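Novice: Please construct the entire structure, taking both the sequences and the accompanying hints into account.
Chain by chain, the residues:
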Amino acid sequence: MQAKPVLLKIIDILSVIMLAMATYFALIKAPTELVMGNVQRIFYFHIGTAWTALLGFLFASVLSIVYLFNKDLKWDRYQVAAIEVSLVFFLITIMLGSIWARPAWNTWWTWDPRLTTAAITELVYLAYFMLRQGIDDPDRRARFGAVYALIGGISAPITFYAIRLFRTIHPVVIAGGNPKAQGGFDMTPDMLTAMFVALGAFTVIFIDLYWNRIRLGDLEDQVERLKLKITM
Amino acid sequence: MTVKSSELAQVKTNQRSRLRRQTSGNFFKAVSAVVWKDLQAELRTLELFSAMLVFSLLIIIIFNFALELDLKIRQSVTSGVLWATFAFAGTLGLNRSMAIEKDRGCLDGLLLAPVDRSAIYFGKLISNLTFMLIVEAIVLVVYSLLYNINLFQPGLLLVILLGSLGYAGVGTLLAAMSVQTRTRDILLPILLFPIIIPVLLAAVKASSGFLDGAQFSDVLLPLDILVVYDLIFISVAFMFFENIVEE
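Keeping their order, the protein sequence lines are chains X and Y. Taking the working numbering, the leading residue of the first sequence gets 27, the next gets one more, and so forth. Taking the working numbering, the leading residue of the second sequence gets 38, the next gets one more, and so forth.
FYI, nobody ran anything at the bench for these hints, they're computed from the structure. Note that the structure is predicted; figures quoted are calculated from it, not measured. Treat the hints with care, as some may be off.
Part of the chain Y face toward chain X, derived, beta carbon under 10 angstroms [claimed, not checked]:
| no. | residue |
| --- | --- |
| 1 | V207 |
| 2 | R219 |
| 3 | I227 |
| 4 | L229 |
| 5 | P235 |
| 6 | L238 |
| 7 | K242 |
| 8 | L258 |
| 9 | I262 |
| 10 | V265 |
| 11 | A274 |
| 12 | F278 |
| 13 | N280 |
| 14 | I281 |
| 15 | E283 |
Quick list of simulated restraints, FRET-style, between CB atoms [unchecked claim]:
| no. | chain 1 | residue 1 | chain 2 | residue 2 | range |
| --- | --- | --- | --- | --- | --- |
| 16 | X | V92 | Y | Q77 | 38 to 46 angstroms |
| 17 | X | M258 | Y | G142 | 20 to 28 angstroms |
| 18 | Y | A251 | X | G226 | 46 to 54 angstroms |
| 19 | X | V88 | Y | F125 | 31 to 39 angstroms |
| 20 | X | L252 | Y | I99 | 49 to 57 angstroms |
| 21 | Y | A251 | X | E246 | 52 to 60 angstroms |
| 22 | X | P164 | Y | A150 | 23 to 31 angstroms |
| 23 | X | L99 | Y | K139 | 19 to 27 angstroms |
Yeah, the Cβ is synthetic: ideal placement off N, Cα and C, and Gly gets one too.
Specialist: See the structure below:
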């Protein structure tokens with residue numbers, strides 16, 4: 027096994043520091059929001075995890091195409107890692123949103139396009155892992171996984187549009203103007219800083235987890251090969 | 038010399054276009070052969086068709102009591118009940134139509150045929166769509182009779198055609214995947230339903246629009262979504278079907 031690269035060690039430490047900083051900014055530095063009070067502080071982590079998870083899913087769709095064209099299993103391991111980390115981050119996004127929605131919208135859940143699309147996206151990628159679990163041959167597993175991740179990635183925006191045929195109450199804090207939105211607010215400079223610190227922190231944490239997960243994938247691959255050698 | 042080379046080029050283009058015509062002729066022949074084979078096999082046994090039909094009638098009966106479909110409720114949920122029925126019955130058909138190929142080793146035979154792999158996809162898509170449409174037509178008749186409502190409106194039939202096309206388009210690809218896994222019987226709905234949600238939503242919206250007697254322009258948006266979905270996913274499936282069936 028290769029030793030852990032120095033850069034990865036640095037990112038490991040950096041992500042812990044960044045998380046602490048983001049927590050400080052979100053909980054202490056940022057001012058309390060006038061209407062919603064302290065519960066609004068969830069917003070910073072909500073945005074941070076949502077942003078990285080969505081980028082991760084997008085990246086995984088790109089990796090699908092790369093894999094399907096050059097059939098190198100390395101890209102498949104990159105894709106699994108991206109989807110796995112994004113899946114966890116997106117679950118955190120949904121849970122944080124739900125905790126915020128309880129006081130702000132007076133309900134844990136509502137069938138709003140964003141929420142529903144998020145839940146369906148989560149289900150698509152859970153199905154992705156169930157699909158992979160049912161296949162033993164690594165090449166076939168990678169091919170099926172890549173095609174399914176691609177289809178899932180394409181369907182998510184269409185799902186969003188289709189649900190918009192129904193209605194929305196989700197606030198759009200950045201560049202939004204839905205008069206029916208509930209729980210929106212204008213950000214002060216301190217709030218903006220806190221948001222960007224959280225975005226930066228979760229991006230670093232994502233990269234850190236992603237890299238570690240790729241290394242784990244490589245090890246899994248080695249174990250699988252060694253097992254094959256023993257049986258042969 | 039120049040005349041010769043231009044003549045040569047002419048001959049080459051002629052050859053190439055003849056070759057292309059031949060292969061495109063082959064393509065349609067291959068597609069229709071797959072469709073014909075499926076229809077003929079189905080006509081002899083009626084396994085798939087009868088299972089889908091009985092299953093969908095049972096679903097309507099269940100909905101009738103689960104939702105207590107009296108006149109007032111029916112007005113708002115008819116399209117939802119219809120599409121839920123089509124979706125569930127559809128999975129049954131897709132699973133079976135691919136499982137038959139896999140179980141009896143027919144898929145390998147199909148793959149050995151010297152035709153483009155996408156011809157197999159389109160053949161399967163058309164036969165799956167045909168089964169779905171036949172079952173849907175009967176369900177519409179039965180629903181119309183049971184609840185004294187005329188469902189045979191051109192708008193609704195268009196929605197059903199577009200919705201079923203999208204459903205069968207993605208479903209055929211995903212069924213080809215799921216039959217090759219260990220957990221195949223339970224996997225298809227789990228793979229298919231999260232992807233198919235836009236079709237179901239748009240179809241329900243458009244169907245209830247037509248049933249409420251809305252203008253064509255009012256249901257244009259859901260219809261657009263259906264058309265876009267059909268185009269995108271059938272082209273994606275067309276591009277990547279080869280990756281699903283290759284050994």
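Novice: Against this structure, judge whether each hint is valid.
Specialist: To see whether the hints hold, each was checked on the structure:
| no. | hint | result |
| --- | --- | --- |
| 1 | V207 | holds (7 angstroms) |
| 2 | R219 | holds (4 angstroms) |
| 3 | I227 | holds (5 angstroms) |
| 4 | L229 | holds (9 angstroms) |
| 5 | P235 | holds (4 angstroms) |
| 6 | L238 | holds (4 angstroms) |
| 7 | K242 | holds (5 angstroms) |
| 8 | L258 | holds (6 angstroms) |
| 9 | I262 | holds (5 angstroms) |
| 10 | V265 | holds (7 angstroms) |
| 11 | A274 | holds (8 angstroms) |
| 12 | F278 | holds (9 angstroms) |
| 13 | N280 | holds (5 angstroms) |
| 14 | I281 | holds (6 angstroms) |
| 15 | E283 | holds (8 angstroms) |
| 16 | V92/X / Q77/Y: 38 to 46 angstroms | holds (42 angstroms) |
| 17 | M258/X / G142/Y: 20 to 28 angstroms | holds (27 angstroms) |
| 18 | A251/Y / G226/X: 46 to 54 angstroms | holds (49 angstroms) |
| 19 | V88/X / F125/Y: 31 to 39 angstroms | holds (34 angstroms) |
| 20 | L252/X / I99/Y: 49 to 57 angstroms | holds (52 angstroms) |
| 21 | A251/Y / E246/X: 52 to 60 angstroms | holds (54 angstroms) |
| 22 | P164/X / A150/Y: 23 to 31 angstroms | holds (28 angstroms) |
| 23 | L99/X / K139/Y: 19 to 27 angstroms | holds (25 angstroms) |
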